[in-house]
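J.: Between the sequences and the hints, there should be enough to build the whole structure, so can you do that?
These protein sequence lines are chains Y and F, in that order. Per my numbering, the first sequence starts with residue 31, numbered consecutively. Per my numbering, the second sequence starts with residue 38, numbered consecutively.
In short, the hints are calculated from the structure, not lab data. Remember, predicted model here, so these are calculated numbers, not experimental data. Mixed in with the good hints, there may be bad ones.
[What the hints assert, rightly or not] Computed list of lysine-lysine pairs in DSS-like fashion (alpha-carbon distance at most 30 Å, straight line):
no. : chain 1 : residue 1 : chain 2 : residue 2
1   : F       : Lys159    : Y       : Lys78
2   : Y       : Lys260    : F       : Lys159
3   : Y       : Lys270    : F       : Lys159
4   : Y       : Lys260    : F       : Lys165
5   : Y       : Lys260    : F       : Lys295
6   : Y       : Lys97     : Y       : Lys260
7   : F       : Lys165    : Y       : Lys287
8   : F       : Lys159    : Y       : Lys287
9   : F       : Lys165    : Y       : Lys78
10  : Y       : Lys97     : F       : Lys159
[As the list claims (entries may be wrong)] Using C-beta positions, here's what the derived DEER-type ranges look like:
no. : chain 1 : residue 1 : chain 2 : residue 2 : range
11  : Y       : Ala229    : F       : Thr69     : 53 to 61 Å
12  : F       : Val46     : Y       : Pro186    : 33 to 41 Å
13  : Y       : Ser242    : F       : Glu194    : 22 to 30 Å
14  : F       : His97     : Y       : Ile216    : 46 to 54 Å
15  : Y       : Leu42     : F       : Leu141    : 14 to 22 Å
16  : F       : Leu141    : Y       : Pro186    : 36 to 44 Å
17  : F       : Leu141    : Y       : Ala229    : 42 to 50 Å
18  : F       : Leu143    : Y       : Trp96     : 28 to 36 Å
19  : F       : Arg224    : Y       : Ala315    : 36 to 44 Å
20  : F       : Gly79     : Y       : Ala315    : 44 to 52 Å
21  : Y       : Leu42     : F       : Gly195    : 19 to 27 Å
22  : Y       : Ser242    : F       : Leu49     : 26 to 34 Å
We put the beta carbon where it would ideally sit given N, CA and C, even for glycine.
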Amino acid sequence: MNRYSRRITVWLFLAPALAVYLAFVVAPILQSFFVSLFDWPTHALGPKRFVALDNYVRLVTDEVFWKALSHNVILLVMSLVIQLPLALFLAALLSGRVVARGFFRTVYFTPMILPSVVIALVWEQMYLPGVADGLIVKLFDSLGLPSPENGFLGDPRLALGAVILTISWRYVGFHMVLFLAGIGTISEDLYEAARIDGAGSWQLFRYVTLPSLLPVIRISAVLSIVGSLKYFDLVYIMTKGGPPEHVTELMTTYMYKIGIDQYNGGYGSAVAVGGFLVSMLVVTAVMGMRWHRRASVAETHP
Amino acid sequence: MISRILRYVLLLVFAVVALYPVFWMFTCAVKTQAEASVDKWGLPRSCTWQNFRNVLFESHFPRYILNSVIVTVSAVTLTLIAAALAGFVFARTRFRGRSLLFCLFLGGMMIPVHIVLIPLLKIFGTLKLYDTHAALVMSYVAFSLPVSIFILRGFFEGVPAQIEEAARIDGCSAPRVFWHVMLPLARPALAVVTIFNFVTLWNEFVFALTLLHTPGLSTIPLGMYEFSSERGTNVPLTCAALSISVVPMLLAYFLAQKHIIRGLTSGAIKE
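T.: This is how it looks when you write it as structure tokens:
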């Protein structure tokens, strides 16, 4: 086959994917940057008005945006602090010879296959106050702890924590499965050698399992970080960013409110671009860290 | 021995925590509204199927299921075709701009989808596709492509070059190599991609919420959301609707959990 027709084949093969991707991912992203320079009420078909960087001036002075960003950071940190150690703990419990391991693995992973709408609506019930108290409210009562009058999602101090708890509940099983797969690839010889050296089960975990799992833990951390910065579903459905005063607002829910619910296309796009840039910055930094780490390992072990 | 018992106790406790919300949803669904208003959390004293009947015969629910099937199946199929073609080209041919293009697709796995929502509304408005399944399918395909191409390219790269060369020597053109040699080999990777996209899109919420308007067009997650805002005060009825909405996926999951877990995690592991 000659080169010319080969090249045509290549582009024919690429065409469907490329066309859809350019039209519905790449073009909209570029358009967001463009639209964010306008005052653009999307419900009216009237003309857009060019306002240059006005939307961005508003963005950096918008307390709600910073608040939302801080909630994303809290979600990010809490995900790393709660989900990963818990997932690691469960994976450690499940490794070795465990009866019905497949059963437990399947059970722990179940929340991942449920739609977020279902999770949100069921957990909302559990957080409810009132006549038929929610389950978690009851749990608090039985432990003698004061439970909030308006339920967990109705209390400005507790709502964010409650939402984060639900999110963690959903994703722990996912990270556990990643870790379990990672543990499965560790050579039995390593454990054997450590046992001969007299290592107990904690030492086996600390000095064999954990170091061998580092690459997988890093993947989990990256997924967690990326996911936390673009999180939306459960928060939007459970609290819509409230209860009052944006106490659970995330960058995405704020953008959705402004840009879609309130038809403010221009400023909504600026919020979206803000969130996008933050995400990209963090992702680049995290990827950079991985390279740096690899480089330093290479230096210490020539 | 004690540590063994402790281990199983802990495992069981976490199993209960993981399953309890789903379990409660099913138990509440068979209660009458009167019983639920007195005792929402206990086990049901009697069992009524009336809630399920109401959901199935007196709401839009069957329509939601049909909508979800239409949208998900079309999006998964189209993604599979486009991603297999692109993955093959990225893995097995050299051309100018290959790595640049591949990075362009890879970037799609990192971006927050929210940045495209406002422009997409506008684009679909111009195309007269706002509030249609076609708009939803196109968006789903576009956002499923990056992971799908990534997984499939990884697979095609692992196919030994001799297989392709042998086919070429027998006179196969690139499209024939792809169709008769590569695709049959790629069945496991195609399965992974299909499962990953199917579960993700079956449960997808934001795009449906943004791009659809007419209630009769809603997919299951969006339908559930609307159902709960209309009739959410009737908790057993809502639970019945939620139960029906998760049963197909739960059944598939318990029958094929190994494949589904692998499908949902392999994009991550191969990173």
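J.: Each hint: holds or not?
T.: Outcome of the hint check:
no., hint, in the structure
1, F/Lys159 / Y/Lys78, "holds (13 Å)"
2, Y/Lys260 / F/Lys159, "holds (22 Å)"
3, Y/Lys270 / F/Lys159, "holds (24 Å)"
4, Y/Lys260 / F/Lys165, "holds (29 Å)"
5, Y/Lys260 / F/Lys295, "holds (28 Å)"
6, Y/Lys97 / Y/Lys260, "holds (15 Å)"
7, F/Lys165 / Y/Lys287, "holds (24 Å)"
8, F/Lys159 / Y/Lys287, "holds (17 Å)"
9, F/Lys165 / Y/Lys78, "holds (20 Å)"
10, Y/Lys97 / F/Lys159, "holds (29 Å)"
11, Y/Ala229 / F/Thr69: 53 to 61 Å, "holds (59 Å)"
12, F/Val46 / Y/Pro186: 33 to 41 Å, "holds (37 Å)"
13, Y/Ser242 / F/Glu194: 22 to 30 Å, "holds (25 Å)"
14, F/His97 / Y/Ile216: 46 to 54 Å, "holds (51 Å)"
15, Y/Leu42 / F/Leu141: 14 to 22 Å, "holds (18 Å)"
16, F/Leu141 / Y/Pro186: 36 to 44 Å, "holds (43 Å)"
17, F/Leu141 / Y/Ala229: 42 to 50 Å, "holds (48 Å)"
18, F/Leu143 / Y/Trp96: 28 to 36 Å, "holds (30 Å)"
19, F/Arg224 / Y/Ala315: 36 to 44 Å, "holds (39 Å)"
20, F/Gly79 / Y/Ala315: 44 to 52 Å, "holds (50 Å)"
21, Y/Leu42 / F/Gly195: 19 to 27 Å, "holds (24 Å)"
22, Y/Ser242 / F/Leu49: 26 to 34 Å, "holds (28 Å)"
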